[in-house]
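Number of protein chains: 2
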Amino acid sequence: MELKINEGERVDDLQIRGYRIIQDPKRFCFGVDAVMLAHYAKVKPHERCLDLCTGTGIVPILMHAINSEDTSDVKYDAIELQEESVEMAKRSVELNDLTLDVHVILGDVKEAANYYDAASFQVVTVNPPYIEDNKGIKTEYEPKMIARHEIFLKLKDVISSASYCLADKGRFYMIHKPQRLAEIICLMREYKIEPKSLRFIHPYVDKEPVLVLIGGLKGGGQQMRVDAPLILYKEQGVYTDEVSKIYRI
Amino acid sequence: MELKINEGERVDDLQIRGYRIIQDPKRFCFGVDAVMLAHYAKVKPHERCLDLCTGTGIVPILMHAINSEDTSDVKYDAIELQEESVEMAKRSVELNDLTLDVHVILGDVKEAANYYDAASFQVVTVNPPYIEDNKGIKTEYEPKMIARHEIFLKLKDVISSASYCLADKGRFYMIHKPQRLAEIICLMREYKIEPKSLRFIHPYVDKEPVLVLIGGLKGGGQQMRVDAPLILYKEQGVYTDEVSKIYRI
Numbered sequence: 001m002e003l004k005i006n007e008g009e010r011v012d013d014l015q016i017r018g019y020r021i022i023q024d025p026k027r028f029c030f031g032v033d034a035v036m037l038a039h040y041a042k043v044k045p046h047e048r049c050l051d052l053c054t055g056t057g058i059v060p061i062l063m064h065a066i067n068s069e070d071t072s073d074v075k076y077d078a079i080e081l082q083e084e085s086v087e088m089a090k091r092s093v094e095l096n097d098l099t100l101d102v103h104v105i106l107g108d109v110k111e112a113a114n115y116y117d118a119a120s121f122q123v124v125t126v127n128p129p130y131i132e133d134n135k136g137i138k139t140e141y142e143p144k145m146i147a148r149h150e151i152f153l154k155l156k157d158v159i160s161s162a163s164y165c166l167a168d169k170g171r172f173y174m175i176h177k178p179q180r181l182a183e184i185i186c187l188m189r190e191y192k193i194e195p196k197s198l199r200f201i202h203p204y205v206d207k208e209p210v211l212v213l214i215g216g217l218k219g220g221g222q223q224m225r226v227d228a229p230l231i232l233y234k235e236q237g238v239y240t241d242e243v244s245k246i247y248r249i
Numbered sequence: 001m002e003l004k005i006n007e008g009e010r011v012d013d014l015q016i017r018g019y020r021i022i023q024d025p026k027r028f029c030f031g032v033d034a035v036m037l038a039h040y041a042k043v044k045p046h047e048r049c050l051d052l053c054t055g056t057g058i059v060p061i062l063m064h065a066i067n068s069e070d071t072s073d074v075k076y077d078a079i080e081l082q083e084e085s086v087e088m089a090k091r092s093v094e095l096n097d098l099t100l101d102v103h104v105i106l107g108d109v110k111e112a113a114n115y116y117d118a119a120s121f122q123v124v125t126v127n128p129p130y131i132e133d134n135k136g137i138k139t140e141y142e143p144k145m146i147a148r149h150e151i152f153l154k155l156k157d158v159i160s161s162a163s164y165c166l167a168d169k170g171r172f173y174m175i176h177k178p179q180r181l182a183e184i185i186c187l188m189r190e191y192k193i194e195p196k197s198l199r200f201i202h203p204y205v206d207k208e209p210v211l212v213l214i215g216g217l218k219g220g221g222q223q224m225r226v227d228a229p230l231i232l233y234k235e236q237g238v239y240t241d242e243v244s245k246i247y248r249i
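In the order they appear, the protein sequences are chains A and B.
Take 1 as the starting number for the first sequence in my numbering and just add one per residue.
Take 1 as the starting number for the second sequence in my numbering and just add one per residue.
Don't take every hint at face value.
The list treats identical chains as one, so a pair stands whether inside a single copy or across any two.
Restricting the straight-line Cα-Cα distance to at most 27 Å, the calculated cross-link-like pairs of lysine-lysine (DSSO-like) are [unchecked claim]:
1. K44 / K207
2. K245 / K44
3. K234 / K169
4. K177 / K144
5. K156 / K245
6. K26 / K4
7. K42 / K26
Honestly, the hints are just simulated from the structure, not real lab data.
All figures in this text were calculated on a predicted structure; none of them were measured in a lab.
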C-alpha cells in the first residue's frame, strides 16, 4: 500500500501486528485514553461496532488489531465531525488494508439518525470531548479545542446518539473524566443505557483517577460492577505490568 | 459509670481515647463499613450531625471519639428502628458519658419529619441496609436481616429522608455496595444531594471494591471527585498502613 503523507503528518507504529496510524501532532494525537478504551471494549463474532467522535480512527483501527484474529467478521463504522481527521482516518484504514472492515464517514454525531439505522449496532464506543464548554459562540476553533471541549457536541448528545444506534442489549463503552461521573451515569440511565461496569485509571495507586472507563447495556437491569483500579505507573517512568502488557513494551 | 450489661452482650473497646460500645454478637456487630464511614465523614465546629439507621450507635460514638477534641460542640442525633438496638445505643452513650452530645431515638427513618425539623442538620451519615429485598411480606425477621436487607427501608427512603433533614449545602456521607452505585447516584440527584466524592474500598489492590464511600452536597453543583482507592490489606492478614492507622493497631 502506497503511503500518502502530508506535510506535518507522521506515521506511528501501533506496536501490535504491524498496524499503523497517520497523525498530525499540530492537530491531535491519540493518548492513553484511546488505547485503554480500545482494550476495554469487547466485541464478539458477527457484531457491528460504531465509534463516535473517532478522530483519526484510532479506536476502530486498534480494536481491529486487538480483536480481528478471534473475530475476523466484525465490521467497524466510525463517524467524525472534522473533515481533515476523517481524511487522515481513511488513509490510515487504507494503509492497514482495512477498507472492507472499517468504514469512516464525515458527519455530526448529533445527527446519527441521518447516517445510521436505529438499533443497528451491537457495540458503540466513544472517547468524546471531556471538557464542558460554557464560553459561548466563537468564530474560530482549533482542531484540538474541538476534540477536547464540548463545543459542537455535549455529553447528552453523545449518549442520546449512542442509545439510538445501539440494538437492545447492545454494549456501550466510553472513557471520560471521573469529575463528570454523576452526570454520565444519570444521562446513561435517562437514555436507557444501564451502567454495568466502571474501571478507574489512576496514575499511581495512591493518586486520584484521571480517567474512568464505563460500560453500559442498552435496556439492561440494575446492578453494576466496579473493577480493580487500573494503575498506570509503579514508580515514575515505570509502567505497571498490566499497562506494559497493553502497550506491548 | 456503672455498666449495665445484659446476657449475651459484650463491651468492646473502640481503641480510641477509651471509648467503648455494647454489642450483642447474636444481633449485629459493627464492621469495617461503620469504621470507614465514621472516618470519612467530616464535621466542623457548631454543626449538628444526624446518623440514620444507627443500630447500636457506633457511627456517632466513633465520630465523637475521632472529632470531639477539635469540635467539642458538635451535637449528634441518631435514629434506629429496632428497639433493642436503641436501648443498647443509649447504654453505650451513658457508658462513654456522652449524654449531652449524642441523642439516640427509636423511630422510622421514613418518617424523619415526625422527629426532626426540615433542613436542621449540617451533616447526615448513614450505613443503611445494603441488600435489595424482593421477598415480599414475612411474619418474622431476624435483627441481622433487618439491618442488612431493605425490608423496612429502601434506598429511596434513606436518601429522601437525608435530603429532608439536611440544610442547604449540608453534607451527606453514606457507605454502600458498589453494585448499587448507579442507583445511588441517580437517587441522590433526584433528591437534590449532588454526589461530590467517591472512595472505593478494595480488599486488595488487584481486587474489585467491596464497599464505596459516597459524599454529597445538598443543593451542590456538578463536578465530583474520586479519591485514590482505599486498600484494606497489603497481603493476607496484614493491613495497609492507612488502615492500620485508622484501626490504631
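Verification of the supplied hints:
no.: 1; hint: K44 / K207; result: between (34 Å within a copy, 26 Å between copies)
no.: 2; hint: K245 / K44; result: within (22 Å within a copy, 46 Å between copies)
no.: 3; hint: K234 / K169; result: neither (37 Å within a copy, 39 Å between copies)
no.: 4; hint: K177 / K144; result: within (17 Å within a copy, 39 Å between copies)
no.: 5; hint: K156 / K245; result: neither (34 Å within a copy, 43 Å between copies)
no.: 6; hint: K26 / K4; result: within (18 Å within a copy, 75 Å between copies)
no.: 7; hint: K42 / K26; result: neither (31 Å within a copy, 46 Å between copies)
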